[in-house]
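Using the hints, position chain U against chain S.
2 protein chains.
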Amino acid sequence: MTAANTNTVSAQANVASANGKMLRHVVMFKFKETSSPQDIAMVEKAFAGLSKSISLIKSFEWGTNNSPENLNQGLTHCFIGTFSSEKDRDDYLVHPKHVEFTKIAGPHIDKVTVMDFWVK
Amino acid sequence: MTAANTNTVSAQANVASANGKMLRHVVMFKFKETSSPQDIAMVEKAFAGLSKSISLIKSFEWGTNNSPENLNQGLTHCFIGTFSSEKDRDDYLVHPKHVEFTKIAGPHIDKVTVMDFWVK
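Sequence order for the protein chains is S and U.
This note's numbering puts the first sequence at residues 1 to 120.
This note's numbering puts the second sequence at residues 1 to 120.
In short, the hints are calculated from the structure, not lab data.
Mixed in with the good hints there might be a few duds.
Claimed, not checked - Below, simulated DSS-like cross-link-like pairs (lysine-lysine); rule was C-alpha separation at most 30 Å, straight line:
| id | chain 1 | residue 1 | chain 2 | residue 2 |
| --- | --- | --- | --- | --- |
| 1 | S | Lys-30 | S | Lys-87 |
| 2 | S | Lys-111 | U | Lys-120 |
| 3 | S | Lys-32 | S | Lys-111 |
| 4 | U | Lys-111 | U | Lys-32 |
| 5 | U | Lys-97 | S | Lys-120 |
| 6 | S | Lys-45 | U | Lys-120 |
| 7 | U | Lys-30 | U | Lys-45 |
| 8 | U | Lys-120 | S | Lys-120 |
| 9 | S | Lys-21 | U | Lys-21 |
| 10 | S | Lys-45 | U | Lys-21 |
Stated by the list, open to error - Footprint (simulated), chain U over chain S, 3 or more residues, beta carbon under 8 Å:
| id | segment |
| --- | --- |
| 11 | 24-36 |
| 12 | 62-69 |
| 13 | 81-93 |
| 14 | 106-117 |
Claimed, not checked - Over 10 Å on every C-beta distance to chain S, these chain U residues come out as not near it, computed from the model:
| id | residue |
| --- | --- |
| 15 | Lys-32 |
| 16 | Thr-34 |
| 17 | Ser-35 |
| 18 | Gln-38 |
| 19 | Asp-39 |
| 20 | Lys-52 |
| 21 | Ser-53 |
| 22 | Pro-107 |
| 23 | Asp-110 |
Just so it is clear, the structure is predicted and the values come from calculations on it, not from any experiment.
Ideal Cβ positions, reconstructed from N, Cα and C, are used throughout, including at glycine.
Bound conformation, chain S alone:
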C-alpha cells in the first residue's frame, strides 16, 4: 500500500494519486455580516471535518486571508482539498456528508469562488 492509497489526511502532506497527479479544489468564502464568530467557527470546523470523514479527499488545508494586496474581493477564507481524479471530485460533490455541509454553510455564505485544477 502506498501513501496514495491510505486515507491519511494531513494539512501539510500533499498526497498525490498513484500516477502522481493532484487535482486541487480551491474554495473561497466571504461570510455574511449577520453571521457570528461562532457561526463562522462552526462552518470552518464542519468543512475541515469533511476531510476526516470522506476518504476521497487526499489532503486538506485551510486558513484566513492575510494578503496585503487587497485583491481578495471580500473573500476571507480559503480551503484547498486535493483529489486523485475528477471522478473522486465529482463523487465528493454529491457525497451526503458534503451535501449536508453545504446546507449547514449555505445560510452563512455571502460570496463564494471555487476553482479546481490539475497541478501541471
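Only chain U this time, still in chain S's reference frame:
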C-alpha cells in the same frame, strides 16, 4: 541544510519552512477577451518562471479551472506559491522580477483574486 533551505522548486513538493509553517499565496486570473492564446501562454510561462528565479518561493503550482460547479466567477487560471514567512511574501511582492511580471501580465488581466493564508 534542510529541504526548507534549498531553492528547489517543485510543483508537487510542498516545502515547509524550518518551523513547518507554510504561507500559501493563491492567485486567480481571468484574462481579457482581447488576449490571444499566445498572450495567455506567455503570462503562464512568465508566472511559472518566477518560481525558478526567485528563491523566496518555496514551491509553486498552477493549472486551469475544470470545476463543474460554475462558481469560478469567470476566473480561469489558479496559481499557488508557498512562502516560509510573511517577510518572504512581502519581499516577493516588491521583488524586481515580480514587479516586471505584473507589468507583463497586467495588460492581459480582466479580473484577479488573491488570497494568502497560513496553513493551519
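Do the hints match the structure? See the list:
1. S/Lys-30 <-> S/Lys-87: Roughly 28 Å separates the two Cα atoms, so the pair holds.
2. S/Lys-111 <-> U/Lys-120: 22 Å, holds
3. S/Lys-32 <-> S/Lys-111: Given pair S/Lys-32, S/Lys-111 holds - Cα atoms ~8 Å apart, limit 30 Å.
4. U/Lys-111 <-> U/Lys-32: 8 Å, holds
5. U/Lys-97 <-> S/Lys-120: 22 Å, holds
6. S/Lys-45 <-> U/Lys-120: 12 Å, holds
7. U/Lys-30 <-> U/Lys-45: 16 Å, holds
8. U/Lys-120 <-> S/Lys-120: 25 Å, holds
9. S/Lys-21 <-> U/Lys-21: Status holds; Cα separation ~24 Å.
10. S/Lys-45 <-> U/Lys-21: Holds, at roughly 20 Å.
11. 24-36: holds (count 4)
12. 62-69: holds (count 8)
13. 81-93: holds (count 3)
14. 106-117: With 6 residues close enough to chain U, the hint holds.
15. Lys-32: U/Lys-32 clear of chain S: closest Cβ-Cβ about 17 Å, beyond 10 Å.
16. Thr-34: Consistent with the label, U/Thr-34 stays out of reach of chain S, its closest Cβ about 21 Å off (over 10 Å).
17. Ser-35: 19 Å, holds
18. Gln-38: 18 Å, holds
19. Asp-39: 18 Å, holds
20. Lys-52: 14 Å, holds
21. Ser-53: 18 Å, holds
22. Pro-107: The claim holds: U/Pro-107 sits with its nearest Cβ about 17 Å from chain S, beyond 10 Å.
23. Asp-110: It holds; U/Asp-110 is separated from chain S by about 13 Å at its closest Cβ, greater than 10 Å.
No hint from the list above goes unmet by this structure.
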